[in-house]
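Student: Starting from two chains that each stand alone, build the complex the way the hints lay out.
Heads up: the protein sequence lines correspond to chains A and B, in order. Note that the numbering used here has the first sequence beginning at 5, numbered continuously upward. Note that the numbering used here has the second sequence beginning at 18, numbered continuously upward.
Everything labelled a hint here was simulated from the structure, so no lab data went into it. Heads up, the beta-carbon is just placed ideally off N, CA and C, and yes, glycines get one too. There may be inaccurate statements among the hints.
Between beta-carbon pairs, the in silico distance windows are [what the hints assert, rightly or not]: (1) A:Gln281 x B:Asp334: 48 to 54 Å; (2) A:Thr223 x B:Ile78: 33 to 39 Å; (3) A:Arg38 x B:Phe181: 47 to 53 Å; (4) A:Ala49 x B:Thr214: 38 to 44 Å; (5) A:Val134 x B:Trp152: 51 to 57 Å; (6) A:Gly178 x B:Leu124: 34 to 40 Å; (7) B:Tyr274 x A:Ser26: 35 to 41 Å; (8) B:Trp152 x A:Leu53: 40 to 46 Å; (9) A:Gly178 x B:Ser207: 18 to 24 Å; (10) A:Arg38 x B:Glu88: 31 to 37 Å; (11) A:Asp211 x B:Val147: 28 to 34 Å; (12) B:Asp217 x A:Asn234: 54 to 60 Å; (13) B:Thr214 x A:Ile42: 18 to 24 Å.
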Amino acid sequence: MATQTSSPLKLDSEVLTLESASLWQITWRRLFRRKSSIVGMVILAILILLAITAQWLAPYDPILSMLDSDPPQRIQKRSSPCIHAFGCAPDQPQHIMGTDGNIRDEFSRMLYGARLSLAIGLSTVTFAIVIGTVLGALAGYFGGRIDNVIMRIMDVLLAFPSLLLAIAIVTVLGPGLINALLAIGIVSIPAYARVVRGSVLSIREMDFVSASRALGGNTYEILFRRILPNALTPLIVQGTLGIATAILDAAALSFLGLGAQPPTPEWGSMLGAERNQVFTAPHLVFYPGLAIMLTVLAFNLLGDGLRDALDPRLAHIS
Amino acid sequence: MVTYILRRLLLSIPVLFGILFATFALARLIPGDPCRAMLGEKATKVVCDEFNHRHGLDRPIPIQFGVYVDEIAHGDFGNSFRYSKPITELLIERLPMTVELSFAALLISIFIGIPLGVISAVRHNSWVDVFTMMWANVGVSMPVFWLGLMLAYIFALALKDTFFQLPPSGRLSPGIIPVPFFETWGMQLSEGTFLFTVSDFFSRMNILNAVLSSDWTLLMDAITHLILPAFALSTIPMALIARMTRSAMLEVLGQDYIRTARAKGLIARTVIMKHAFRNALLPLATVIGLSLGGLLGGAVLTETVFNLSGVGRILYDGITARDYGIVQGFTVVIAIFFVALNLIVDVSYAYLDPRIRLN
Chain A
5 MATQTSSPLK LDSEVLTLES ASLWQITWRR LFRRKSSIVG MVILAILILL AITAQWLAPY
65 DPILSMLDSD PPQRIQKRSS PCIHAFGCAP DQPQHIMGTD GNIRDEFSRM LYGARLSLAI
125 GLSTVTFAIV IGTVLGALAG YFGGRIDNVI MRIMDVLLAF PSLLLAIAIV TVLGPGLINA
185 LLAIGIVSIP AYARVVRGSV LSIREMDFVS ASRALGGNTY EILFRRILPN ALTPLIVQGT
245 LGIATAILDA AALSFLGLGA QPPTPEWGSM LGAERNQVFT APHLVFYPGL AIMLTVLAFN
305 LLGDGLRDAL DPRLAHIS
Chain B
18 MVTYILRRLL LSIPVLFGIL FATFALARLI PGDPCRAMLG EKATKVVCDE FNHRHGLDRP
78 IPIQFGVYVD EIAHGDFGNS FRYSKPITEL LIERLPMTVE LSFAALLISI FIGIPLGVIS
138 AVRHNSWVDV FTMMWANVGV SMPVFWLGLM LAYIFALALK DTFFQLPPSG RLSPGIIPVP
198 FFETWGMQLS EGTFLFTVSD FFSRMNILNA VLSSDWTLLM DAITHLILPA FALSTIPMAL
258 IARMTRSAML EVLGQDYIRT ARAKGLIART VIMKHAFRNA LLPLATVIGL SLGGLLGGAV
318 LTETVFNLSG VGRILYDGIT ARDYGIVQGF TVVIAIFFVA LNLIVDVSYA YLDPRIRLN
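Bound conformation, chain B alone (with noise of 0.2 Å):
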């Protein structure tokens, strides 16, 4: 086991590899110089000679490409200019609230997804799996911004002052000031120590701050705010999940050792449960590890929907405000988030598959 991981560890240093020098690559491709794009048109030769110097873009490519992996390896990502902050700031105050948002969404998927899709194996062409594999098929066809705004005009407006009603935008409701739980547990934290990020970064996830500071008004308030978005965010990786868990269930359960196990007088319960469903998860693991890249692209979507201050807002807010820092350095991080979640599923599917790991 420790040697696979390995060598997946070693096999993803030449993607990481590929994945800085197409970032890279990416910004030194944007038209124009990038001291005219700062400092604007009118900026003089001089000025701009200066500029260039004191960013080493006068020296040759290679070495602003290991300068550049070089930040990246001390968590430098570079900085925004139109918020003049460090890209690594940004990312503590708008990460949590993007891994809330895909948590959640990713809880929905999977506790209605595996169920909807065991269901539909078991009951092979009932109305249950007929309804299930429609569902599934409109869900995957779902453009999530469309959905969000959908919901939010039903549950907003259309349900307005009925039991059902929920905030159509943003995180928490007026008023409502969460306060960071290692200040309700009364805790001394002096800004700038690696505690202070720490428990910086986790009070910012309202939902898990709510719990640890026990505030269940914001608790409740976080969680009517989050249902929309994370329902909307789940349609797409919902659907795939219980389209597979189908799939995966209906092969598994045509074989011969689980007729054996039904054969020796077994519960049709244990059979599904403990026979059947434990080997479809090997090809559910893989396809909830992609179902997450899809969460991000998603969570841009979202969160320009629901107005939520997560990373996806912040990347558009870049994108329309020229702010190639912030695109850059958040695709950097979300791709190296990405790999070490691919990481993360394989070395589980090695987990779960003991074939994998002899190959």
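Next comes chain A alone, as it looks inside the complex (with noise of 0.2 Å):
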């Protein structure tokens, strides 16, 4: 008897790396065939690339103003964009992006921007995922009482419109970048405990499942370990879009004042700061929100490329 139970394990188990694996060559392979997802995964990269080597790329300091600078230069506040190959004056200090109201190096400080804005990405969407993950697990698991409690506080807070819950919660937390990410994790959880409740409540009527509960696994063994890994696919799509609408409040949040604050390199905030010279000065308008952009841009094109990718429905066609 004991061979017996445990070979069709062992073949299972064989059979799921196999195939996971496999899975993941196919995504891969499929997400390349899009070019839209492409154009994603290159802006990603180049994000990544600038976040990373930032310190060394900004030829500035991305805090320290430059009127106490040493030598002091004899720069204004606001000037535009100096580049010297497109024919400013040599004898100019070159500033890729002009300078900011604060005289400092705009280019300099969105470099340290990026940085930032896939930290709060990643940071908001795990916070979100985790929780979600697990809310969403226990409701669509043990359901009734458990479910009927978890999903009605999940509607509740999917009845504020996303921004305005967050608005609300910042105003209570008191502003500041922590206190708008925690904001902004918590009003995304829902999603996720939607996504995972879904995929747990078709997943554990799965043979597989009762063959796990058959052969004595507890409760949190089957749930964490046979269930959820195979609840996976939708949430890592539903996260990378995630990151897109994480990263895209958290500068609205900013932009309102209520997220990073002054001096911080953060997209949302710079903008915010020089909403007023948008007239005498559009290039600090200008070049954040177009690195806001672009940085949703990637991730949505890369969420949507995942979807597709990732989609059984399509598995056959392709």
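Tutor: Now the structure itself:
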């Protein structure tokens, strides 16, 4: 009997690992077949590269004003971009994206902003995924009253327009980057809880789960080691798209003065600080906004690509 | 249908209670006690006790919650201590602007988004399709506040003194003072009556007011001021609607009954509009409903950028001034409004697809 029970289990796990390896290979291949997901990945790769190398690429300090620099430079605040290669007088200091209202190099700040934006997106979504997954898994697996209570709370969170709820939460917690991230994280929990609950509900009835249960696996092992790994695909898609939303919302909160506080080089707050100067120094509004848009676009394209690549309904077509 | 609506209404009651509880809890979670927040650091204990007693803050929390729910049920959403006015009064002043803006944005996104989506699906993989999808991807990734500022820069400064020049901010040009339509009609309404409040509310929507009182200068001025903010606000819903219309249409167009309709010799136009589009409307209703929440959130940003005195703007001012009354009051109102909108979307969904009612 002992050999009989252990051998199918072993086989089962072998099949699982084989399948999952090929699934990722297929996904990867399909991802490269779509032009839009390649665009997304290229933008993202450049962003990650810029974020990692920011401290070497940035020609100036992102936070210190050049007013105190030594030797003092005769540089105006909010001066237009000056690129030597494009005909800017060589005796002028080069500022690819001009300087901001506090005489800082906008380009250096933009580079550090990439670092911050990626960190914001990843950290909020990780937070939301962890809590959302646990809540969704519990709701889906146990059902009944637990399900009811958890999902009604999620419904309440979903009843508020997300940005407004985030605003209300930050107002209570007090403005600041960490609080803004917490608020956006809380607001995005329901999306993940719903996705995980849906997957768990369908997977929990499958034969291999019943088999695990019959073999005497304990509840948490079944839930976290058998069911959840199989619910991962929709979560990855939702998470990638969620990073896009999180970055956009965090930028909006910072723009309103509720998120990152000056002098933090965060794109949203850089844009917000100079928004009244849009007619005199449009470059200070243009570049941060463009950067936000490209970052969000990259995650959206990648998320869409992943969804199509992982969608089992399309599996037999390609 | 009636049973379905009733059941949906009943289901939204717990959510409404949750919303009330959340906003109530939000107000109690604010660091520091409300007395010192309102009266200043130097308020003595006696003064504070008096204050807490007067505002019922010394009563048990469940009773406070009960009082809060009771007040909301009577249309009392609390007071703004910055304006020293009830929230309800501020709502009547500010909501029309936001409704007008969101409505205009929704109309733009529907009237551009749906045709684009239908054309992209019918001419699948054509340049229209590729262009629409590229543009839709950019559209959903656009920070509304950035787009607003850039539009203001382009149309107010770069295109200054051309035909396309548009005002960068505000609702009306200086010097243009709207007269409420009921006054031009010569109606005598006394302040405080229900009819006055309702008429007052609608007369604050400049475009509606201009049409009702046939004031064409006011109409043109209001429209030119509304174009940029409405367009900025409409980008995200427009992109979502175009994408959803396209994918829903593509799915429907691949089905057998469409082939049957074509085979029996119906012209392409009838097949697309009558057979396919009607069924593609279903997912569209959901997307439009979901966009409404985004519109309300986006309105905060758009109104801030274009300096429009709507709900979003007052909420922003309330946040910067730490006017918790405004934040709490407006959050409740918007959330209730949002629940009602979702209810309408669900009901329209059930109307469009009879299968939903049976489940």
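Student: The structure should be examined with respect to each hint, and the outcome stated for every one.
Tutor: Evaluation of the provided hints:
1. A:Gln281 x B:Asp334: 48 to 54 Å: Violated: the Cβ-Cβ distance is about 21 Å, outside 48 to 54 Å.
2. A:Thr223 x B:Ile78: 33 to 39 Å: holds, 36 Å
3. A:Arg38 x B:Phe181: 47 to 53 Å: Given a distance of about 37 Å, which is not inside 47 to 53 Å, the answer is violated.
4. A:Ala49 x B:Thr214: 38 to 44 Å: violated, 58 Å
5. A:Val134 x B:Trp152: 51 to 57 Å: violated, 35 Å
6. A:Gly178 x B:Leu124: 34 to 40 Å: holds, 38 Å
7. B:Tyr274 x A:Ser26: 35 to 41 Å: Since the Cβ atoms of Tyr274 (chain B) and Ser26 (chain A) sit about 37 Å apart, the hinted range of 35 to 41 Å holds.
8. B:Trp152 x A:Leu53: 40 to 46 Å: violated, 27 Å
9. A:Gly178 x B:Ser207: 18 to 24 Å: violated, 45 Å
10. A:Arg38 x B:Glu88: 31 to 37 Å: violated, 54 Å
11. A:Asp211 x B:Val147: 28 to 34 Å: violated, 44 Å
12. B:Asp217 x A:Asn234: 54 to 60 Å: holds, 58 Å
13. B:Thr214 x A:Ile42: 18 to 24 Å: 57 Å Cβ-Cβ, so the 18 to 24 Å window is violated.
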